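S.K.: As a plain string of letters, each chain reads:
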Amino acid sequence: AEAAELRARLRAVRHTVLVLSGKGGVGKSTFSALLAHGLAADETKQVALLDIDICGPSIPKMMGLEGEQVHQSGSGWSPVYVEENLGVMSVGFLLSSPDDAVIWRGPKKNGLIKQFLRDVDWGEVDYLIVDTPPGTSDEHLSIVQYLSATHIDGAVIVTTPQEVSLQDVRKEINFCRKVKLPIIGVVENMSGFVCPKCKNESQIFPPTTGGAEKMCQNLNVSLLGKVPLDPQIGKSCDRGQSFLAEAPESPATLSYRNIIQRIQEYCEQHHLQEEKII
Amino acid sequence: PLAERTNLAGVRHILLVLSGKGGVGKSTLSTQLALALRDAGKRVGILDVDLCGPSIPRMLRVQDSAVHQCDSGWVPVPVGQDRAIALMSIGFLLERPDDAVVWRGPKKNALIKQFVTDVAWGDLDFLIVDTPPGTSDEHISTVEALRPFQLLGAILVTTPQ
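Chains as they are written, first to last, in the UniProt record's numbering: chain A, 1 to 278; chain B, 1 to 161.
Each hint should be verified, as a subset may be incorrect.
Claimed, not checked - Derived lysine-lysine pairs resembling PhoX-like cross-links, with alpha carbons at most 20 Å apart:
hint : chain 1 : residue 1 : chain 2 : residue 2
1    : B       : Lys-107   : A       : Lys-178
2    : A       : Lys-235   : A       : Lys-178
3    : A       : Lys-235   : A       : Lys-61
4    : A       : Lys-108   : B       : Lys-107
What the hints contain is simulated information worked out from the structure, not anything from laboratory work.
Here the structure is a predicted model, which means the values were calculated and not measured.
Same shape as in the complex, but just chain B (with noise of 0.2 Å):
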């Protein structure tokens, strides 16, 4: 079946980080996840489809890191000295790290189909998807492209008030 010749094949579970609000603390709960999933000996991808503010590689000290591709696709970007971490950001294909992503809707979902695609994550035991905020084109896009595999659910994050 054709979940079975993708680049998702091999990720065990999927979680996506959520909000609606921003500057709740997503992409720092995502960021800390993953390094404590990764600490307990877990094979830990990071997909941050924040294609206008995305913050995971700073976070992750690799935002002067490239991407390369290869015969499935897209490397993503090892983190860390034992690269047990694995991150694609459109951060990394930006020329300027300033560069704004003025992006309308329809080109913004082409490009998270193809992140959700197209990027070779090889065997994972986590994938954490972190998004921006809001309830528009980008969860749209992912939710339905993600539909298929290992869906395991959502965090919600939220502040008090």
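Looking at chain A on its own, in the form it has when it is part of the complex (with noise of 0.2 Å):
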């Protein structure tokens, strides 16, 4: 009865994209509110960006939405919206302060993710992001558990170029194939920082054992691109606006949308074929 429920609730949901990584604060959270924006760009296209990251969520703050509160009606919780054809929802948004602390076990964070996708009234959507905290834990069992009932287009997973990172991002790799959740392909943040003065580059994270490339051939899944570092995106990020819009030239920005939209050809083939079959 319970997946019948979320069935129902999820039925109008074209796309769904979850964002993992293995390894924190690689860019997660950023890169999800960036695709976000740049899907929701094309303003016939309904967007949905979910944080399930319980202990840790960026989201409201990323997308300018703190202080925001989530109001209840009678079709279930109401996303807030950045924009008309964007809409958020997060625990952010139910806490009386955000320096509050949530601090719960597994199980009561499985419970809030049921929620979050069970009540919320999210409409019709092309695009369903979900952003996760780092690891292969609850909230990534569950949510693979619970959009079970809809169907999950695949993964983008997130990583730095450092052996560090890459070795946390082929266990989350691993849990993807566990799991039978495809992969669309990895993203490589902070690749490289280019001196807007002298226009040195340098690797900030340098890649000593060949990075995301390296990684992906080894792994036989695709490499979605490289982001390089630039300070901007944190700026942005901290004052809640789309660096996308924000610094429109930046090579970061160029790198990006390169990516948002082999995402969303991945996504679109996927549809293709699955009318194909049907």
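Fit the two chains together into the complex; they arrive one by one in their own frames, and the hints show the way.
M.R.: Structural data, given as structure tokens:
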């Protein structure tokens, strides 16, 4: 009966993309936010961004929605809208103060994730993006389990170039394979830095073992793109603005846009293939 | 009393390294702190309770080591020529380094309790406990298990943004 409820709620979601890592601090939330903004630039598309990082919900701040509250109506919880076609849900909206720690064990976290999926009135959605916390634990198992009621197009896995990150990301790739979650591809963030003054390129996080490129070759997954470090990215996130809109000329923006396009193409392709089968 | 008969009886100070945020340098700091204390002549242990993303073995170049058991429990892995740092991490219990530990909270809690009570640390000046990001099962269980012992305090790591 529960599964039926979830299926009903998610029936109007056309595409679902999970943003994962394994490693913390590599730019999952940053990427999720920009993916949402990028997709919502097409006003004919309805985009939903779900933040299931219960301990460290970054999405409200990054989307400029800190302090917003969630409203309940007859049809369920209402997402908080950034644009008419971009709605957001996060545990961050349920806290009385942004510094409140959510110190919950797994089962309670799972319960909230299920509620998010069952009780949020997303309406018709073209793209549901799910931002996750680092790791391969309760939240990840639960979201895959609960979303099996609908169809997940795939996962985008985020990393940075150094081996300490790749080590955790390989585990995440194995997690995806274990739970039969298709991998759309890998994004390598913080991939080099070009000094705005002298234009010299530095590797702030040197890819001592070949970076995401080598890892993707070895594990036969797609490298969606590499995004260079740009201090404006962090600034935009802190201020809740879209980096893509604030720094349209940045090489990082170009990378992000290419990656977002590839993800869109993957989802559309998928859809076509499915329709063929039906 | 219980404390005297336990594996933590010979540990003088226990330090927790925490953040909340991932990727800010907890494991890096834990490792560098251990090395610096060792260089200052202290006996140091590191307990890596990041079950999903154990970084410490690779940082100390002992990722290929195996753990052994003795009468009092697990023998932590010695690091370096002088073996002056002892390390315990779930990384050593994985069959393959790329294996994902896909466990829910209760299973993680059970292992953390074991890590805290069943590792034969011997005499240490400092035990540094490296944690994963967040405020969840691992953190609650670690603090609960360590409370009866000489818990010096927590070091919180962040980045500027």
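S.K.: All the hints need checking, so say for each whether the structure fits it.
M.R.: Evaluation of the provided hints:
1. B:Lys-107 <-> A:Lys-178: Since the Cα atoms of Lys-107 of chain B and Lys-178 of chain A sit roughly 18 Å apart, the hinted pair holds (cutoff 20 Å).
2. A:Lys-235 <-> A:Lys-178: 37 Å, violated
3. A:Lys-235 <-> A:Lys-61: 11 Å, holds
4. A:Lys-108 <-> B:Lys-107: The hint holds at about 15 Å.
Violated hint for the displayed structure: number 2, the only one.
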